[in-house]
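Heads up: the protein sequence lines correspond to chains A and B, in order. FYI, in our numbering the residues of the first sequence are 145 to 488. FYI, in our numbering the residues of the second sequence are 145 to 488.
FYI, nobody ran anything at the bench for these hints, they're computed from the structure. Values in this document were obtained by computation on a predicted structure and should not be read as measured data. Some hints could be false.
Same chains, same names: a pair is fine if it fits in one copy or spans any two.
Think about it this way: if two alpha-carbon atoms lie no more than 20 Å apart in a straight line, the pair counts; the simulated EDC-like pairs of lysine to aspartate or glutamate are [stated by the list, open to error]:
1. K265 / E201
2. K265 / E462
3. K328 / D365
4. K265 / E337
5. K328 / E246
6. K265 / D346
7. K265 / D375
8. K265 / D332
9. K328 / E201
10. K265 / E246
11. K265 / D183
12. K328 / D197
13. K265 / E466
14. K265 / D393
15. K328 / E477
16. K328 / E414
17. K265 / E290
18. K328 / E466
19. K328 / D260
There are 2 protein chains.
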Amino acid sequence: MTTDTDRPAEPERVRAPNIRDVARVAGVSYQTVSRVLNDSPSIRPETLQRVRDAIAELGYRPNQAARALVTSRSRTIGVLGAQTVHYGPATSLHAIETSAREAGYRLSITNISSSDYTSIKSGLDYLMSQSVEALIVIAPQVRVFEAINDLQVGVPYVTLEATGLGTSHSLWVDQVTGARRATKHLIDLGHTEIMHISGPQDWIEAEARMQGFLRELSDADLRTRAPILGDWTASFGYYAGLELLRFRDFSAVFAGNDQMALGLIHACRELGLDVPGDISVVGFDDIPEASHFSPPLTTVRQNFAEIGRRAIELLLGELRGETGLSHEPVQPELVIRESTAPHR
Amino acid sequence: MTTDTDRPAEPERVRAPNIRDVARVAGVSYQTVSRVLNDSPSIRPETLQRVRDAIAELGYRPNQAARALVTSRSRTIGVLGAQTVHYGPATSLHAIETSAREAGYRLSITNISSSDYTSIKSGLDYLMSQSVEALIVIAPQVRVFEAINDLQVGVPYVTLEATGLGTSHSLWVDQVTGARRATKHLIDLGHTEIMHISGPQDWIEAEARMQGFLRELSDADLRTRAPILGDWTASFGYYAGLELLRFRDFSAVFAGNDQMALGLIHACRELGLDVPGDISVVGFDDIPEASHFSPPLTTVRQNFAEIGRRAIELLLGELRGETGLSHEPVQPELVIRESTAPHR
DNA sequence: GGAACCCGTGTGACCGTACACATTCCCCGC
DNA sequence: GCGGGGAATGTGTACGGTCACACGGGTTCC
């Protein structure tokens, strides 16, 4: 009754209940519990109920690790992201998360900070070590493709990017067309000297928008000039604007995204130039704030959420062994507001 | 040599190499390989090298599921998020992801769409079923606390939110002080009739900012008026502005975040009112675009990344059994730009 | 009336790793 | 010369599930 032999209550390391505990409570074998968990068809309703009750009583939760171990299915989709604080990627990511969870998959996310090969590779490496079943790349950077090939990524993957590079792994918004529409809009307004501030060179999206811009210009037999390579930020747009506007040998600007357009407009205002009176500006993305800029921004809308959803859809299809899934590009849409006006 | 008995090449189900395969190649026991993986001290350098070589040769990767199963450590931190496409949460999340990965943890993220109890609960439920070791809540909504208590979340957790509610689980930016600084700035400029457009009522942050606003006003013996309850979006700020400005019985507005401030400024412009000439506007957050608004926005800066990093730091500390960790609030900072001017 | 079959359920093996313990080897000191 | 002890390595077992298969009992069919 006293000390010496009996230890003090033995904390007993509250082990989570397992499948056998449930079986014991329900008065069945553990296999039957397993059947309930995987909703096997042939179970007597009464047994089913008993097991369900036992599960509820114990607060039992299946151990994902054990399950993953034996089935060798992690039910995880890897996401390689970059700049996921930006509106576009963040929105896609959000949609991906939602769709994946609904389908019973979870996400393993890793962000790469720089775009160098090593960084990408170690990101992918990390994801593969999580034994993801599929891969989504929201880091639309050129080198990603090399890395994926080099690492022999043995799982289905999709990259959310800009151009159909002939790979069957990209899900893309037709940025080239989007950029052409933006540019054409400016041309239609009578502008002949048009600048382009693009995104970083190693972003496929930036490249595609630039291509669209250049092609539209050359189709209209207009003079093309070297685009400015930016970094997607409003600040860059601002400083680039201050620099460019010293010459004013153009009357319209197509910015690679809305943020840079905002910065550019800021620069115009500071230099006493009116948008769109003196300079017309078009952005890209249609972030929710764009319609409240001063002036409200003409821009190209992309459906980021749609892209995210389709990425999951595609991958799940592939995991189920379906083939010939649609990789049709999503079409962006020109939204005309008040930052563009006829050339005078 | 021919058919009949020998089957056609037998696809052989390319099983990933395991610890024993490595052991065989290296000519050691599997336990030795395990020691290498967990860098145990007592291994002969030569053996170490042999094992390392074998690992490289086979392209072996430790199976996380098996490891999690036996150690009963998932090395996963759960994140319950809401509105993670917004700048603030997205930035914190990004910092969290980075810090967590550096510490050898991965993230399991789930987003809740609505703020009702069921939704929060099922979100937490999902995370618990992933057997996360710790929990971060970036959904700063009041009901989260109830849910956490109800569910008996048995792991350390941190909520990224606004007020020190006396719980030892919140990591907070001192939003009250931030809001007071913003309000005081307007009062110092001579404004006496100040409006507040707040965030959604069930957001703790919105509540805290509102409190700060009201307290500062009453400390200055100024008339307080009922804040408008918004939804964080620029569009709300815009429509609220159109409505409010029909009366113009105020000369300054403190908006709950930068987006709503932007919308409000848009409304002012549309009604022919000058900011800051006629109306002064202060925002909250200091999103990267704020300095390029028209006019550049006076706002309160929060260090979202810092918050994210500290959340991980705190949780890891707790997991290591440390106590008395610092929950000191992060101080926000008033950034004065051009959207505010003396009352005339 | 027995073989064939289906339904509902139970038994054994196995997934890949870490931990506790056992074992071997070698060196040291008295 | 022998016991002691630490370093380096090997052996058994458990983690919590799922899968393949076995099994008993009832029905169907010829």
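Cross-check of the supplied hints:
no. : hint        : result
1   : K265 / E201 : between (46 Å within a copy, 18 Å between copies)
2   : K265 / E462 : neither (24 Å within a copy, 32 Å between copies)
3   : K328 / D365 : within (12 Å within a copy, 58 Å between copies)
4   : K265 / E337 : neither (42 Å within a copy, 57 Å between copies)
5   : K328 / E246 : neither (41 Å within a copy, 47 Å between copies)
6   : K265 / D346 : within (16 Å within a copy, 42 Å between copies)
7   : K265 / D375 : neither (22 Å within a copy, 40 Å between copies)
8   : K265 / D332 : neither (45 Å within a copy, 54 Å between copies)
9   : K328 / E201 : neither (66 Å within a copy, 55 Å between copies)
10  : K265 / E246 : between (29 Å within a copy, 16 Å between copies)
11  : K265 / D183 : neither (40 Å within a copy, 24 Å between copies)
12  : K328 / D197 : neither (65 Å within a copy, 59 Å between copies)
13  : K265 / E466 : neither (29 Å within a copy, 35 Å between copies)
14  : K265 / D393 : neither (43 Å within a copy, 59 Å between copies)
15  : K328 / E477 : within (13 Å within a copy, 44 Å between copies)
16  : K328 / E414 : neither (28 Å within a copy, 28 Å between copies)
17  : K265 / E290 : within (9 Å within a copy, 42 Å between copies)
18  : K328 / E466 : neither (39 Å within a copy, 62 Å between copies)
19  : K328 / D260 : neither (35 Å within a copy, 47 Å between copies)
The earlier numbered hints that this structure contradicts are 2, 4, 5, 7, 8, 9, 11, 12, 13, 14, 16, 18, 19.
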